[in-house]
Amino acid sequence: MYFGNVWDWNFFWSVFQNFLASASPFVLIVVAAIVVGLLLSVVVRAVKGMGH
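Residues in the sequence shown are numbered from -1 upward in steps of one, following my numbering.
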């Protein structure tokens, strides 16, 4: 099936780019917080493992 005439892809991509441009700082902050949390948990596990 061909949806080329159903979806206006130029409009879709412009809306998507505007959404990414406005949401990217918040997404980066959330991703950075998750990564820091994962790294901290790995470090804590490693330190606990070394203590035993």
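None of these hints come from the bench; they were simulated from the model. It should be emphasised that the depicted structure is a prediction, and the values quoted were computed from it without experimental measurement. There's no promise every hint is true.
Pairwise CB distance ranges (calculated) [to be verified]:
| id | residue 1 | residue 2 | range |
| --- | --- | --- | --- |
| 1 | F17 | V40 | 38 to 44 Å |
| 2 | F14 | S39 | 31 to 37 Å |
| 3 | M48 | A19 | 28 to 34 Å |
| 4 | V33 | D6 | 48 to 54 Å |
| 5 | L18 | L38 | 52 to 58 Å |
| 6 | I27 | G47 | 29 to 35 Å |
| 7 | V13 | K46 | 46 to 52 Å |
| 8 | R43 | S22 | 29 to 35 Å |
| 9 | W7 | A31 | 29 to 35 Å |
| 10 | G47 | V25 | 30 to 36 Å |
C-beta atoms are modelled at their ideal positions from N, C-alpha and C, and glycine is treated no differently.
At the C-beta level, are L18 and L38 separated by a distance inside 52 to 58 Å? 28 Å, violated
Take the C-beta atom of G47 and the C-beta atom of V25, compute their distance, and say whether it sits inside 30 to 36 Å. 33 Å Cβ-Cβ, so the 30 to 36 Å window holds.
How does the Cβ-Cβ distance of V33 and D6 compare with 48 to 54 Å: does it lie in that range? 36 Å, violated
Using the beta carbons of F14 and S39, state whether their distance is inside 31 to 37 Å or not. Given a distance of about 33 Å, which is inside 31 to 37 Å, the answer is holds.
Is it true that W7 and A31 lie within 29 to 35 Å of each other by Cβ? 34 Å, holds
Starting from the range 28 to 34 Å, see whether the pair M48 and A19 falls in it by beta-carbon distance. 45 Å, violated
Satisfaction of the hinted span 46 to 52 Å by the C-beta atoms belonging to V13 and K46: At 48 Å between Cβs, range holds.
When you take the CB atoms of R43 and S22, is the distance between them in 29 to 35 Å? With a Cβ separation near 31 Å, R43 and S22 satisfy 29 to 35 Å, so the hint holds.
Holds or violated: 38 to 44 Å for the Cβ distance of F17 and V40? 33 Å, violated
Evaluate the given range 29 to 35 Å for the C-beta pair formed by I27 and G47. Since the Cβ atoms of I27 and G47 sit about 31 Å apart, the hinted range of 29 to 35 Å holds.
In summary, the structure is inconsistent with hints 1, 3, 4, 5 from the numbered list given earlier, while agreeing with the others.
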